[in-house]
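J.: One letter stands for each residue in the lines below.
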Amino acid sequence: GAGVSQSPSNKVTEKGKDVELRCDPISGHTALYWYRQSLGQGLEFLIYFQGNSAPDKSGLPSDRFSAERTGGSVSTLTIQRTQQEDSAVYLCASSLGLAGGPTDTQYFGPGTRLTVL
Amino acid sequence: LAKTTQPISMDSYEGQEVNITCSHNNIATNDYITWYQQFPSQGPRFIIQGYKTKVTNEVASLFIPADRKSSTLSLPRVSLSDTAVYYCLVGDIGDDKIIFGKGTRLHILP
Chain A
1 GAGVSQSPSN KVTEKGKDVE LRCDPISGHT ALYWYRQSLG QGLEFLIYFQ
51 GNSAPDKSGL PSDRFSAERT GGSVSTLTIQ RTQQEDSAVY LCASSLGLAG
101 GPTDTQYFGP GTRLTVL
Chain B
1 LAKTTQPISM DSYEGQEVNI TCSHNNIATN DYITWYQQFP SQGPRFIIQG
51 YKTKVTNEVA SLFIPADRKS STLSLPRVSL SDTAVYYCLV GDIGDDKIIF
101 GKGTRLHILP
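Chain order of the listed sequences is A and B.
Residues in the first sequence are numbered from 1 upward in steps of one, following the working numbering.
Residues in the second sequence are numbered from 1 upward in steps of one, following the working numbering.
No lab work stands behind these hints: they were computed from the structure.
It should be emphasised that the depicted structure is a prediction, and the values quoted were computed from it without experimental measurement.
Errors might be hidden in some of the hints.
Said to hold, decoys possible - Here are the simulated BS3-like cross-link-like pairs (lysine-lysine), alpha carbons at most 25 Å apart as the crow flies:
(1) B:Lys102 with B:Lys3
(2) B:Lys69 with B:Lys54
(3) A:Lys57 with B:Lys97
(4) B:Lys102 with A:Lys57
(5) A:Lys57 with B:Lys3
(6) B:Lys3 with B:Lys52
(7) B:Lys3 with B:Lys69
(8) B:Lys102 with B:Lys54
(9) B:Lys69 with B:Lys52
Stated by the list, open to error - Facing chain B, from chain A, some residues (calculated, C-beta under 7 Å):
(10) Gly42
(11) Pro55
(12) Gly59
(13) Leu91
(14) Leu98
(15) Gly101
(16) Thr103
Think of the CB as a built atom: it goes at the ideal place given N, C-alpha and C, for glycine as much as any other residue.
Based on the provided sequences and hints, a complete structural model is requested.
T.: Here is the structure:
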């Protein structure tokens, strides 16, 4: 079956522009996660959705970052007024959501590589 | 949330057994331990999960001592294709944040 898909796969933008990153989870997965991974670094947790609700948004790096999920499916991560330090790979994952949180098996997408010039 | 500590990198040779240990001294009673594998330019992939003692699947084994303050991922007879970064994750069902460790970069040599 289809895995988690993300689009675009690569995005180059200029400093100050807004970008939208999209994640399509595996069908039937109620939980969805966003992470950021800078070059050669570990995974930085951004936000987690159970259905359309995000219990804790404190992982978002700044108020320039926002995320939403509609219909319990597709999610969009928006970065406003991008900065060079936003350059990273943005990974999305989904899980069945039966257990929730870190105990669920997460299935990751291929990521979106964002480059801010 | 339990903080995890792993070795930054390890080298081993094809055919050897590799053990990667993760320390999680402040693990909570309801926390589970999960390991993920990440190849370059890919998202991480689930390997194994456990709560206590030993868990084994077709890919790896996970050893957890009685005090659960650490866990060891064991990869039997590694091959070059096992070269990857391995992440230890500790957390509970009720956690709203997912904190991966910094990962161990495993390099398998021929």
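J.: Against this structure, judge whether each hint is valid.
T.: Comparing the hints with the structure gives:
For the given pair, B:Lys102 sits about 10 Å from B:Lys3 by alpha-carbon distance, which is consistent with the 25 Å threshold. The straight-line distance between the Cα atoms of B:Lys69 and B:Lys54 is roughly 14 Å, inside the 25 Å bound, and the hint therefore holds. Taking the CA atoms of A:Lys57 and B:Lys97, the gap is near 9 Å; set against the 25 Å cutoff, the hint holds. Annotation: proposed proximity of B:Lys102 to A:Lys57 holds, straight-line Cα distance about 22 Å (limit 25 Å).
Our distance criterion of 25 Å between C-alpha atoms is met by A:Lys57 and B:Lys3, whose separation comes to about 20 Å. A threshold of 25 Å between alpha carbons decides the hint, and for B:Lys3 with B:Lys52 the separation of about 18 Å falls inside it, so the pair holds. A distance of roughly 11 Å separates the Cα atoms of B:Lys3 and B:Lys69; the hinted pair therefore holds under the 25 Å criterion. This hinted pair checks out: B:Lys102 and B:Lys54 have alpha carbons roughly 24 Å apart, not beyond 25 Å.
For the hint pairing B:Lys69 with B:Lys52, the CA-to-CA distance comes to about 10 Å; that is within 25 Å, so the pair holds. With a cut of 7 Å, the hint placing A:Gly42 at the interface with chain B holds, because the nearest CB-to-CB distance is about 4 Å. Annotation: A:Pro55 was flagged as interfacial toward chain B, and the flag holds, the nearest CB pair being 4 Å apart, inside 7 Å. A hinted interface residue such as A:Gly59 counts as satisfied when its beta carbon comes closer than 7 Å to some beta carbon of chain B; here the least separation is about 6 Å, so the hint holds.
Contact between A:Leu91 and chain B, as hinted, is supported at the beta carbon level, the nearest pair being about 5 Å apart and thus within 7 Å. Interface hint at A:Leu98: violated, since its Cβ lies 9 Å from the closest Cβ of chain B, which is beyond the 7 Å cut-off. Given hint, A:Gly101 at the interface with chain B, holds; its Cβ is 4 Å from that chain's nearest Cβ, closer than 7 Å. Nearest Cβ of chain B to the Cβ of A:Thr103: about 5 Å, under the 7 Å cut. The hint holds.
Checked against the numbered hints above, the structure violates only hint 14.
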